[in-house]
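Going down the list, the protein sequences come from chains L and Y. Residue 154 in our numbering sits at position 154 of the first sequence, with consecutive numbering throughout. Residue 130 in our numbering sits at position 130 of the second sequence, with consecutive numbering throughout.
Hints are computed from structural coordinates only; laboratory data are not their basis. Please note: incorrect hints may appear among the correct ones.
Where chains are identical, the list cannot tell them apart; a pair therefore holds if satisfied intra-copy or between any two copies.
Claimed, not checked - Taking lysine-lysine and the DSS-like style, the derived pairs with C-alpha atoms no more than 27 Å apart in a straight line are:
#, residue 1, residue 2
1, K129, K34
2, K130, K34
3, K130, K198
4, K248, K34
5, K8, K34
6, K274, K129
7, K88, K129
8, K277, K298
9, K87, K161
10, K87, K130
11, K158, K10
12, K129, K87
13, K198, K182
14, K182, K224
15, K151, K161
Just so you know, these numbers come straight off a predicted model, no measurement behind them.
2 protein chains.
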Amino acid sequence: MINQLVEKIKKTQAPIVVGLDPMINYVPKHILDKAVGEQGETLEAAGEAIWEYNKGIVDAVYDLIPAVKPQIAMYEQFGIPGLVAFKKTVDYCKEKGLVVIGDVKRGDIGSTSTAYANGHLGGVQIGNKKCYGFDEDFVTVNPYLGTDGIKPFVDVCKEEKKGIFVLVKTSNPSSGEFQDQKIGDKPLYEIVGEHVAKWGEDCMGDSYSYVGAVVGATYPEMGKVLRKIMPKSYILVPGYGAQGGTAKDLKPYFNEDGLGAIVNSSRGIICAYKQEKYSEFGEENYADASRQAVIDMKEDIASIF
Amino acid sequence: MINQLVEKIKKTQAPIVVGLDPMINYVPKHILDKAVGEQGETLEAAGEAIWEYNKGIVDAVYDLIPAVKPQIAMYEQFGIPGLVAFKKTVDYCKEKGLVVIGDVKRGDIGSTSTAYANGHLGGVQIGNKKCYGFDEDFVTVNPYLGTDGIKPFVDVCKEEKKGIFVLVKTSNPSSGEFQDQKIGDKPLYEIVGEHVAKWGEDCMGDSYSYVGAVVGATYPEMGKVLRKIMPKSYILVPGYGAQGGTAKDLKPYFNEDGLGAIVNSSRGIICAYKQEKYSEFGEENYADASRQAVIDMKEDIASIF
């Protein structure tokens with residue numbers, strides 16, 4: 001799957017992933033009203049509304065980008081109907097030829113991590129049949145529990161040719177509270193980064209590993225160091241746009257081949273119609289605003305090479 | 001909810017939580033065959049089977065214990081039908097008067113953590129209605145992202161009078177890889193423990209805080225230190241039984257009032273019928289074996305006081 005991701009990035013010339021993180025207040029009125037009209041003020045209506053909203057965006061941008069990253073929390077907040085919308089979104093994006101990164105940040109130990117890995121990347125054996133739960137292409141994983149928590153994901157990745165992105169340095173203001181703590185002369189995130197490189201060694205694609213890393217756009221100096229520590233790991237970069245990261249900040253996350261990083265934008269794309277810059281599109285044409293925002297983001301990022 | 005948990009622990013005289021972590025190979029043949037007979041070798045059959053299996057156990061033990069801890073990964077592995085079984089299990093346990101700790105180990109930032117907190121502990125506003133997704137009483141939370149990731153949970157806990165258990169020192173063999181790394185003269189888990197105490201300060205129940213901690217039974221020396229660092233935090237202790245922790249190891253996790261800790265056992269209870277000790281019950285009577293295992297665990301833990 002990492003080979004497929006790299007290929008699609010080359011083909012679209014867009015090291016970009018669109019974060020499908022729907023909040024109910026992002027959903028245009030006509031979509032929400034229709035869902036509530038049909039199903040009342042229920043979780044079911046919310047699930048239907050975010051799915052319709054997503055579908056509109058995916059239809060408008062799928063030819064421009066290699067991948068999407070649905071954040072499962074935004075679906076899980078609506079309980080089962082929300083997760084049904086997540087599953088529909090994953091399936092639809094795959095149909096459209098997009099690589100799907102499930103932003104699930106799971107992480108547990110032993111058999112529990114195996115269960116998450118099977119639920120999201122692999123399958124479970126039921127009698128003689130192998131059945132697939134959510135079946136994303138990549139997921140994000142939390143490293144706090146150590147190798148025990150990561151290895152089950154790596155095993156499933158090898159079997160299914162899928163991939164993970166391990167949280168190394170997150171984009172949020174308080175990420176340093178634990179991640180920047182000095183262990184001897186190195187911050188914790190560097191030690192985690194060294195583990196990422198090691199975990200990825202024995203599951204290499206053509207040029208990059210199945211094991212990637214999450215490093216926030218908001219910490220470019222750290223991105224530079226981590227790029228060197230994990231040369232074969234793709235870096236998934238959140239924090240561009242709404243969170244404050246700029247194109248200039250992104251350069252250190254890429255290798256000299258112009259590859260090695262993929263930059264996420266969520267709100268900036270899916271909620272573009274609410275920005276003054278794109279307000280001419282109007283709420284009804286929210287998806288066209290998202291398309292224009294993707295085109296602008298591609299240009300912005302292309303400017304650093 | 002922490003008050004309710006403490007009260008139920010006193011009433012049952014059992015600082016015990018039963019981990020409802022169903023694996024498909026734990027489910028007795030008669031239950032699995034029935035489900036597969038009705039729905040084929042599908043995720044739906046798996047979901048139905050684990051729900052029936054859980055229900056049997058809950059019916060057999062609910063009067064003996066204060067709380068259950070379903071591990072969501074074991075449901076999530078079966079996709080949507082598995083999560084339907086999770087939701088049914090949560091609802092049923094609450095009907096039976098049990099406190100439900102969702103072992104979800106979620107953790108993200110800002111609005112994403114809020115979404116998880118709303119999905120599992122609080123509700124979401126849809127039009128004029130507040131709707132609840134999974135609605136557990138407590139959840140476990142991963143601290144790697146720092147205060148940004150925890151605060152949204154604490155806010156929802158205050159509003160809904162619910163609680164969280166933050167991962168501090170996990171029970172698995174490689175938990176030390178990052179958690180034991182020395183920051184100056186202190187290991188990382190102590191620093192996380194200090195944060196837990198601080199996060200819990202302004203959301204106190206009668207004697208314990210809404211913010212508890214997870215500390216594995218397999219590291220009693222560390223449990224002793226952490227007990228002192230977080231005197232007002234309830235400690236959820238995994239790793240007893242199948243993972244190697246013994247009753248003797250548990251003493252340091254409790255305060256002098258005999259409170260302050262709740263010990264989880266999963267496999268040891270729900271899969272008791274597969275142990276030689278309980279084999280006389282037979283597979284059909286798996287729930288009676290679980291009841292006996294709970295009685296034995298209560299006795300074992302009572303022996304340390």
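Results of checking the hints against the structure:
1. K129 - K34: Between copies, since 17 Å is at most 27 Å while 39 Å is not.
2. K130 - K34: Classified as between: cross-chain Cα gap 19 Å, same-chain 37 Å, threshold 27 Å.
3. K130 - K198: Result: close neither inside a copy nor across copies, 30 Å intra and 46 Å inter.
4. K248 - K34: neither (42 Å within a copy, 60 Å between copies)
5. K8 - K34: For K8 and K34, the Cα distance exceeds 27 Å both inside one copy (35 Å) and across copies (45 Å).
6. K274 - K129: Between copies only: 25 Å across, 46 Å inside.
7. K88 - K129: both (22 Å within a copy, 25 Å between copies)
8. K277 - K298: Answer is within: at 16 Å inside a copy they meet the 27 Å cutoff, but 64 Å across does not.
9. K87 - K161: Answer is within: at 20 Å inside a copy they meet the 27 Å cutoff, but 31 Å across does not.
10. K87 - K130: For K87 and K130, the Cα distance is within 27 Å both inside one copy (18 Å) and across copies (24 Å).
11. K158 - K10: within (24 Å within a copy, 48 Å between copies)
12. K129 - K87: Both: 20 Å inside a chain and 25 Å across chains, each within 27 Å.
13. K198 - K182: For K198 and K182, both the intra-copy (20 Å) and inter-copy (21 Å) Cα distances are at most 27 Å.
14. K182 - K224: both (18 Å within a copy, 25 Å between copies)
15. K151 - K161: within (15 Å within a copy, 37 Å between copies)
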